[in-house]
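The chain contents come next:
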Amino acid sequence: MASDKVLHVTDGEFDNTVVGNDLPCLVDFWAPWCGPCKAIGPVIDELAEEFDGKVVITKMNVDDNPATPGKFGIRAIPTLILFKDGEVVDKVTGAIGKTQLVELINKAL
Amino acid sequence: MPVDYQLIIVGGGPAGLTAGLYAARGRVKTLLIEKGATGGQVLLTDWVDNYPGFTEGVSGFELMDKMTAHVDRFGLEKKFAMVSGLDLLGEIKTISLENGDQLSCRSVVLCTGARPRTLDVPGEKELTGQGVSYCATCDGPFYRGQEIAVVGGGNTAIQEALHLTKFASKVTVIHRRDELRATKILQEKAFANEQVDFIWNAQVQTIEGDANGVNQLQIGLTDGSKTTLPVTGIFILIGVVPNNEILPMDQLQTDAAGFVITDTEMETSIPGVYAAGDIRSKNFRQIINAAGEGANAELSAEQYLAGLK
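So the sequences go chain by chain: A and B.
The numbering of the first sequence is our numbering, which starts it at 1 and goes up by one.
The numbering of the second sequence is our numbering, which starts it at 1 and goes up by one.
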C-alpha cells in the first residue's frame with residue numbers, strides 16, 4: 001500500500017518543500033521506467049510511516065521534473081538524497097535495503 | 001513440533017515466484033520473503049525477447065508484474081523483509097529476519113539470485129551513479145545525445161548496448177576478447193547498428209572523471225598498447241556474482257565462485273533445502289531456466305514434505 005505520508009514534489013515545489021523545510025527531508029529521485037525504483041517503493045512507504053513527524057519523505061519523478069535532478073548531477077536512479085537545513089547530508093544510488101536507508105536517515109537526526 | 005510454514009522461499013525473482021506459484025497451487029503452507037519488490041534482476045532489463053509465449057517480446061518490468069500477479073491470483077503469502085540468517089541443518093529450519101523475528105519451516109527454496117559483477121578498477125566505486133552504471137534501463141535516458149561505453153560481450157551487454165542507442169549518440173562496446181559471446185541474432189543487430197562501435201581485446205583500467213562525473217576511460221589492449229576513450233557514461237555488464245551473503249556457507253555446498261550446488265532435482269547438500277535460479281551453480285542464467293528450476297525445486301520440496309508425514 002502506498003503511504004499517503006510520502007510527498008510527491010515537483011521542480012517548482014522543491015525549494016519550499018525540501019530546501020526550506022524545518023525537518024530533514026529525504027528525496028527519492030525515480031521514474032516510471034525504472035524497475036529498481038519500483039523495487040524500493042514499498043520501503044520508501046514504510047520509512048514515511050516510521051519517520052512521520054521527524055523526517056519528511058518525498059519522491060520526485062525525474063521525467064516530469066528535469067531541473068532538480070540536473071542541479072544535483074543525478075545520472076542514475078533510484079538516487080536518494082538526504083537534506084537538512086537545505087544542505088545535502090548524504091546520498092546513495094541504487095536499490096538498497098531498508099537497514100541502509102534507515103542508517104542514511106539517521107545521519108540527519 | 002509446530003512450524004510457522006511448511007515451506008519458505010527466499011527471494012522473489014522468476015525462480016522464487018514460480019516456486020511460489022507451484023506451492024500455492026499445491027496448497028502448501030508457504031511464505032515467500034523478498035527484500036525489495038518482486039521481480040529480481042529482470043527489473044534491470046529493458047526488453048525480454050526470449051521468454052516463450054510472449055511472441056512480440058515483453059519489457060522486463062511487465063513480465064515480472066505478470067509473474068507477481070500470477071502468484072497473487074493463487075493467494076501466495078508474501079513478506080517484504082530482509083533475511084539476516086538461515087539455519088538449515090536441522091529437520092526444522094530457522095530463518096531470521098533483520099527486525100529480529102524468526103520463522104520456522106520444514107523446507108526451504110533458496111532463490112536469492114545474483115547481482116552485476118563489478119570491474120574493480122580505480123574510479124568505479126567513486127563514480128557509481130555519476131557515470132558508472134550497472135542498469136541500462138534505469139540510467140540510459142540520462143545520456144541523451146552523449147557518447148558512452150558498454151563493457152562486456154555477453155547477451156546482457158549487447159542487448160543493453162542496443163537499448164542504449166535509443167538515447168546515446170554512440171555506444172562503444174569494450175570487450176576483452178575478439179568475438180562476442182552474445183547470441184547470434186543480437187550480434188547481427190549490433191554489427192548492423194551504426195551507432196555501435198567496438199574495441200576488441202581490451203580492458204578498462206581506470207575510470208576517470210571530475211565533479212560532473214565520468215569523462216574518460218583508460219583502456220589497455222592485449223597487445224600492450226593503451227588508449228583513451230572520452231565518454232560520459234560506462235555501463236558495466238560483465239556477468240554476475242552470487243547473492244550468498246545471507247546464506248550459511250558453512251552448511252551449504254557451493255562452487256568456487258560461491259554459487260549453491262544442487263542435484264538435478266534442485267536439492268542442495270542439505271535435505272529439504274533447494275536452490276533455483278541465478279544462485280544455483282550452473283552454466284546458463286536465463287529467465288526461463290530460473291522459472292523452470294523454481295517449479296522443479298518446489299515439486300521436490302513437496303515430495304520431501306510428503307515423505308516427512
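Everything labelled a hint here was simulated from the structure, so no lab data went into it.
A portion of the hints provided could be inaccurate.
As the list claims (entries may be wrong) - With a cut-off of at most 27 angstroms between alpha-carbon atoms, the simulated DSSO-like pairs for lysine-lysine come out as follows: (1) K5/A / K79/B; (2) K170/B / K184/B; (3) K71/A / K84/A; (4) K84/A / K59/A; (5) K71/A / K166/B; (6) K54/A / K71/A; (7) K78/B / K66/B; (8) K5/A / K125/B; (9) K91/A / K71/A; (10) K29/B / K125/B; (11) K79/B / K125/B; (12) K91/A / K66/B; (13) K59/A / K5/A; (14) K66/B / K79/B; (15) K125/B / K78/B; (16) K91/A / K107/A; (17) K166/B / K84/A; (18) K71/A / K59/A; (19) K59/A / K66/B; (20) K5/A / K71/A; (21) K309/B / K71/A; (22) K166/B / K66/B; (23) K309/B / K29/B; (24) K226/B / K59/A; (25) K59/A / K79/B; (26) K107/A / K125/B; (27) K29/B / K71/A; (28) K282/B / K226/B; (29) K309/B / K282/B; (30) K184/B / K78/B; (31) K29/B / K59/A; (32) K54/A / K84/A; (33) K91/A / K59/A; (34) K170/B / K78/B; (35) K184/B / K166/B.
To be verified - Per label pair, the in silico range of CB-to-CB distance: (36) D223/B / E46/A: 34 to 44 angstroms; (37) V88/A / E91/B: 46 to 56 angstroms; (38) T55/B / D4/A: 32 to 42 angstroms; (39) D63/A / K66/B: 33 to 43 angstroms; (40) D255/B / K5/A: 54 to 64 angstroms.
Think of the CB as a built atom: it goes at the ideal place given N, C-alpha and C, for glycine as much as any other residue.
Given hint K166/B paired with K184/B - CA-CA distance at most 27 angstroms: Holds, because 21 angstroms separates the two Cα atoms, which is no more than 27 angstroms.
Can the restraint linking K166/B and K66/B be considered satisfied, given a maximum Cα separation of 27 angstroms? holds, 26 angstroms
Measure nothing beyond the straight line between the CA atoms of K184/B and K78/B; if it is 27 angstroms or shorter, mark the hint as holding. violated, 39 angstroms
Hint consistency between K71/A and K84/A [alpha-carbon to alpha-carbon, up to 27 angstroms]: Within the cut-off at roughly 17 angstroms; holds.
Does K71/A sit within 27 angstroms of K91/A, going by the straight-line distance between their CA atoms? Holds, at roughly 14 angstroms.
Need the status of pair K166/B, K84/A: alpha-carbon distance at most 27 angstroms? violated, 37 angstroms
Confirm or reject the claim that V88/A and E91/B have a C-beta distance inside 46 to 56 angstroms. holds, 52 angstroms
Taking 27 angstroms as the top limit, are the C-alpha atoms of K59/A and K79/B close enough? Roughly 24 angstroms separates the two Cα atoms, so the pair holds.
Between the alpha carbons of K107/A and K125/B, is the straight-line distance 27 angstroms or under? holds, 21 angstroms
Given the hinted pair K5/A and K125/B, is their alpha-carbon gap at most 27 angstroms? The hint is violated at about 33 angstroms.
Is the straight-line distance between the alpha-carbon of K29/B and that of K125/B 27 angstroms or less? Violated - the C-alpha atoms of K125/B and K29/B are around 43 angstroms apart, more than 27 angstroms.
Is it true that D63/A and K66/B lie within 33 to 43 angstroms of each other by Cβ? Given about 23 angstroms between the Cβ atoms, the range is violated.
Of the numbered hints given earlier, the model fails hints 8, 10, 11, 12, 15, 17, 21, 24, 27, 28, 29, 30, 31, 34, 36, 39, 40; all others are met.
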